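As they're listed, the protein sequences go chains A and B.
Each residue of the first sequence is one higher than the one before, counting from 1 in this note's numbering.
Each residue of the second sequence is one higher than the one before, counting from 1001 in this note's numbering.
Hints are computed from structural coordinates only; laboratory data are not their basis.
Remember, predicted model here, so these are calculated numbers, not experimental data.
Where is the CB? At the ideal position from N, CA and C, for every residue including glycine.
Please note that the accuracy of each hint is not assured.
Stated by the list, open to error - A short, non-exhaustive set of chain A residues, derived as facing chain B with CB atoms under 10 Å:
id : residue
1  : Ala82
2  : Thr185
3  : Asp222
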Amino acid sequence: MAHEETVYDALDHAHGGEGQWAFGTGFDDPLAGVDTTIPDGVDAADLGAYCLMLGDDALVLCQRLTEWATRAPELEEEVAIANCGLDLLGQARLLLARAGTCCVLGRSREHATDSIPDEDALAYFRDVDEFANHHLAEADGGDFAQTMVRLLVASTHRLALVAKLRESRDPVVSAIAAKGVPELTYHRDHAARWVLRLGDGTPESHRRAQVAVDAVWPLTADLFTATDVELRLVAQGVAVDPADTRDEVRDVLTMVVERATLTVPAWPADRPSPGRAGEHTDELAPLLATLQGLAREHPAATW
Amino acid sequence: MSTLTDPRAVAETVTDPELPMLTLADLGVLRDVRTEDDGTVVVTITPTYSGCPAMGVMRADLVHALHRAGFADVDVRTVLSPPWSTDWISDEGRAKLAAGGIAPPGRATKHTGPIPLSLGRTMRTATCPVCGSADTEELSEFSGTACKALRRCRTCREPFEHVKEI
Ligand SMILES: [Zn+2]
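Could you put together the complete structure from these sequences and hints?
Now the structure itself:
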């Protein structure tokens, strides 16, 4: 009779002693027991590609946020940033797992061993040009002001998107979106209050906040042009056309920046997102090297 | 099988790994327990937050408890919809939280359309679980776990955690 005294023994027991949970994810399929049937008339490859877009935005921004661990200006803020990252990681896990059920695994399976779940294969074993996140997510975090301005822009955009995605015809995407709404509401409020505090603070915090706004604004050019995949899924009632979030996103951002006594820069012209097409800045590869290094070096590691 | 206890009663004894004063049933995470014709116990749970890191432990604890009670075949399934809300924490759960030094949540706000921005200080209130004072302030909307905010009592000056509304 096995001794199952600790929670870790119980975990091992529950997973047949395989212990494939080295990266904190492999031990638990986040969609276990969820009906992942693809709805009638929906193209699985398109749905999977769409889940990767939204999942990669969350995964990559989460990794950027966690760079503040041990370095945030105050303990409460470190905990807050880590919590935002954790929410995004959870959203990413669900979306990557959904992508896995649509069999869009790209080249990840060439590297990942069979025992690695699809979700982990997608996170750890895709190469840079297979990631579909917007440049907004991968841009270097800069100083604290830039981190908060980017979090404001990213959470405003994502919240506008997932609020509408609650109506998606894919029940899995709809459920993931509905869970994300209250989480992103907290992120956006938190970032907005910081932008107010910094913009309407000391001359130095005001200066830095304006530099941050000026640096992040051009990245909004990528957020509102639908890809072909999105357009097809919009027609099927599965996706939201990102153009339909433009007014809300700009209104919210303008209100916050003006209230922060900062200058709202001119909005950049919309363009198709290079990130969605796998074209990334030089900033993504080092981020992925950190994210993926351990899993690639020790693909069957357990602890 | 007739000697076994009700699997629901067993599942309802399993506690939350992060809020051990609460059972998963108190927390509203345990959604359903049923027995299929072949004797398999099917337990349905829902995550609190998307990134709740305790789901694996909850799943394992449920399987473990049911195995120990004699149920050989246990299937723990996740359900994502409708999303978990703090409104699902039972009255008994709220009392246990308060007794454990954690302020229970108020009513959650639900929006169906665009979500309004909240720029001021949060209007949430929470009663100090140490001295009972209503004069408390929020220090941070984020705390040691995803589901809690950090507050401070202006009367007794003690900091405390508050399960934030979601
Ligand atoms: Zn007090």
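Point to revise | Hints the structure fails to honour | key: 3
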